[in-house]
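K.L.:
One letter stands for each residue in the lines below.
There are 2 protein chains.
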Amino acid sequence: MPRYNPWFITPWSAPWADVSFGVQQSFIPTQMALIVHKYGGTSMGSTERIRNVARRVAKWARAGNQMVVVPSAMSGETNRLLGLAKEVSPAGSDPAMQRELDMLAATGEQVSVGLLALALQAEGVPAISFTGWQVPVRTNNAYTKARIESIDDQRVRAELDAGKVVIIAGFQGIDNDGHITTLGRGGSDTSAVAVAAALKAAECLIFTDVDGVYTTDPRVVPEARRLATVTFEEMLEMASMGSKILQIRSVEFAGKYQVPLRVLSSFTPWDIPLAQEAVSGTLITFEGDETMESAVVSGIAFNRDEAKISVLGVPDRPGIAYQILGAVADANIEVDVIIQNVSHDGKTDFSFTVHRNDYARTIDVLKAKVVPTLGTDRVEGDTRICKVSIVGIGMRSHVGIASKMFRALSEEGINIQMISTSEIKTSVVIDEKYMELAVRALHRAFDLDQPIG
Amino acid sequence: MPRYNPWFITPWSAPWADVSFGVQQSFIPTQMALIVHKYGGTSMGSTERIRNVARRVAKWARAGNQMVVVPSAMSGETNRLLGLAKEVSPAGSDPAMQRELDMLAATGEQVSVGLLALALQAEGVPAISFTGWQVPVRTNNAYTKARIESIDDQRVRAELDAGKVVIIAGFQGIDNDGHITTLGRGGSDTSAVAVAAALKAAECLIFTDVDGVYTTDPRVVPEARRLATVTFEEMLEMASMGSKILQIRSVEFAGKYQVPLRVLSSFTPWDIPLAQEAVSGTLITFEGDETMESAVVSGIAFNRDEAKISVLGVPDRPGIAYQILGAVADANIEVDVIIQNVSHDGKTDFSFTVHRNDYARTIDVLKAKVVPTLGTDRVEGDTRICKVSIVGIGMRSHVGIASKMFRALSEEGINIQMISTSEIKTSVVIDEKYMELAVRALHRAFDLDQPIG
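Chains A and B are the protein sequences, given in the same order. Those letters in the first sequence? Residues 0 to 452, by numbering that gives the first Met the number 0. Those letters in the second sequence? Residues 0 to 452, by numbering that gives the first Met the number 0.
Next comes chain A alone, as it looks inside the complex:
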């Protein structure tokens, strides 16, 4: 894995660590690195902000890095475009219609790349923009939610080698028949990571409106601490549970192709020293990296969007799980936690959680399709629940983590309704009203408010 100048990431050991750089024009690293920056819609939200993005990218380029930038559409633009579509056409899932929505939506990022290239040129930095099809970023033909299949790096590399900053429209690609596709909401994260993987970039920096990944939501626990590093696996577990910092597919992608990913804020002043910026935010890293923190639990995730449903007294025979969940899946309802405990007296209880918005429909489906053939009519549910999870790569090699979690909850008098575990996560379903209390208790119990020794 190529690394860009390591001085960037250990500035305290560098001789110039205390020097303030301003514009980095005079700072030439000894080793050139290829860096990908991704800027979200808020960061690109106005021409003034775009000029700040250009100044920040220029700072990195002048420091000697080869720069690729993947911006999102200006905030509000994608909604504006899809709003226009709604005014001329009713919603539908016809592929011919989805194709046109992609034709429309892809313009948002095309505007962004053009403006950012102009802003960089105005800063005196040679820059060129590319749409998805120009790179090309090849995808399948699943319009509005396409998946990237390959990225050709030839054209981008040629422009980088010619000394230009290359700006690539996020969120979009081209299918094998030459139609424009988009990757779905948040797809620009995935674009950036895929581009970084294709170019074997030293690091992919995701500039966003938060300054990193926290041990838990600071609005719930004021002592929540920003993590300097977090593993991909932990990030995946956290992302799927409401720490919506990155599109989850982009994290999977980064893990699969081993792209070092850093989440950092685009609202720090653009002219903070590069050496300082390069170590800010949270680096999403690989297990075994030396920089990894030693904490067993990295963060507390929580989610109050779910409802639990139980089917009680189910005859314990093969095919029961499929019989229940098959009907739910057929109704296009997504299921999160699934729990089935050992049976007694030939009967078992089967529980799962769905999104709260799907609760009533799920109950209807069960009553109409499942109960009549199942041998039980005891369907129960509760929408006033929440899910709280501890996440940590270290859980695999440490015993007693789950019981420490249960003790902390017990000490607060919180009753646990369901428990589900994976290798690096333990989740409990509890009464919604205890959510903040539980999160704070767990944050304290696992010393997440303490700086890493």
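Quick caveat, the hints were computed from the structure, so don't treat them as lab data. No experiment lies behind these values; they were computed from the predicted model shown. Each residue gets a CB set at the ideal place from its N, CA and C atoms; glycine is no exception. Please note: incorrect hints may appear among the correct ones.
[As the list claims (entries may be wrong)] Below, a list of computed lysine to aspartate or glutamate pairs in the DMTMM-like style, where the Cα atoms sit at most 25 Å apart:
1. K403/A / D216/A
2. K85/B / E76/A
3. K85/A / E122/B
4. K144/A / E158/A
5. K144/B / E379/A
[Unchecked claim] Partial list, computed: chain A residues near chain B (C-beta under 8 Å):
6. I49
7. A84
8. S88
9. L103
10. V110
11. G113
12. L117
13. G123
14. P125
15. Q133
16. N356
Position chain B against the provided structure of chain A, taking the given hints into account.
P.N.:
Below, chain B alone, put in the same frame as chain A:
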């Protein structure tokens, strides 16, 4: 030249001439024709208007025609995009910058084609949109003012043969290196005509905010009459003098490739009978077409944007014209009328007109670059002039047309300052204050207010 069903254009001779059609679903022509529609920015100015465009196109498609539609960007959109560009970057002529402006501006038409395809689909008419590069429309690489070099008809034909309306983004193309280009303001007209030429369309209908080409500006002469037909040559002469209905390059293109072009209003109700719509507006046609009108003079054009400049007492020796106009051209100033009369006493007077905005600069250029080496310092000019022209293909074969013009002006006591003639046009430069008077007198003198016998 293939013609679409002639019944369309002579409805009064058709057995169903009095029938009101409403939606033309039941009307299948005996001969299928390929028709190109072009809609300007005003016609595409809102989602409601786009839905009306879709309904109009659907009417033509349901009547059995193969339909290609070339829309402009929604009115105001191109200005909005270029306004954003101005906010991030100072103006400049650097090709790298022009390239990004094209990247940006091309999105306006991409939005239009996507929305129109959606609106047609919502009408139940299969439709697919293409950007310039998808067709592809190949151009040279003169960003922001590229010229079309070729259009590949294969992909469009395949979709037409599959029964779809094909919507092509106007104003844009792709150069040989895969960069997006645009054709300059009004370029969608040229796109439409070029597409019609490439597909050998039966007719290209330009829907705009006027209902045809008039004998002169109805705001000046209330009796001005809409021409049912006008020749390409006449249209060129009129377009270059202020009848700004069509981009002049599109008319040249149509003449060169013999594309029958019709200018008509997009503000008639979308559901007027197709047979009536198909003969409305003004058909721009070829000399010798049977439909040609017999009038000697077709229209009166005028223009008060110019200023005249004279260099008097110029030594009559070879190279004088180049010496004077070369310096003006070097300063990127466009010259319109140029007049040099026979010399007397070895001296001649040299006159020309420029745009009023260029007047002061032209005088400066002449004084700085020309006068010092010319042997005369008599440079005069006047910004308070106008140019009035009579245009007509019949002028070639009729004598006495110019003198009839001069007599009409003389009878109104209007002094003629300059005269310039071409095969199908005679222009005079007169005092600006007589412009309306002159136009009305000429309109009457050539019986333009009378219906064609």
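K.L.:
So, as I understand it, the hint says L117/A touches chain B; can you test that by seeing if any CB pair is closer than 8 Å?
P.N.:
Hint holds; L117/A Cβ to chain B Cβ min 4 Å, cut 8 Å.
K.L.:
K144/A and E158/A were given as a pair; does the straight-line alpha-carbon distance stay at or below 25 Å?
P.N.:
It is violated: about 29 Å lies between the C-alpha atoms, which goes past 25 Å.
K.L.:
Does K85/A pair with E122/B here, judged by a C-alpha cut-off of 25 Å?
P.N.:
Status holds; Cα separation ~14 Å.
K.L.:
Going by Cβ atoms only, is S88/A closer than 8 Å to chain B?
P.N.:
Interface hint status for S88/A: holds (4 Å vs cutoff 8 Å).
K.L.:
Going by Cβ atoms only, is L103/A closer than 8 Å to chain B?
P.N.:
holds (4 Å)
K.L.:
Could you check if G123/A really has its C-beta closer than 8 Å to a C-beta on chain B?
P.N.:
At about 11 Å, which exceeds the 8 Å cut-off, the nearest Cβ of chain B leaves the hint on G123/A violated.
K.L.:
Holds or violated: A84/A as interface residue toward chain B, Cβ cutoff 8 Å?
P.N.:
Hint on A84/A: holds, closest Cβ of chain B at ~6 Å, below 8 Å.
K.L.:
Check the hint pairing K85/B with E76/A against an upper bound of 25 Å on the C-alpha distance.
P.N.:
Distance ~19 Å between K85/B and E76/A Cα, so the pair holds.
K.L.:
So, N356/A near chain B? Judge it on the closest CB pair being under 8 Å.
P.N.:
Result: violated, 27 Å to nearest chain B Cβ.
K.L.:
Tell me if the straight-line CA distance from K144/B to E379/A falls inside 25 Å.
P.N.:
violated (68 Å)
K.L.:
Holds or violated: is there a CB of chain B closer than 8 Å to the CB of Q133/A?
P.N.:
Hint on Q133/A: holds, closest Cβ of chain B at ~6 Å, below 8 Å.
K.L.:
Quick check on the hint: G113/A CB to chain B CB, less than 8 Å?
P.N.:
Holds, because the Cβ-Cβ distance from G113/A to chain B comes to roughly 4 Å (cut-off 8 Å).
Violated hints, listed in ascending order, are 4, 5, 13, 16; each of the other numbered hints is respected by the structure.
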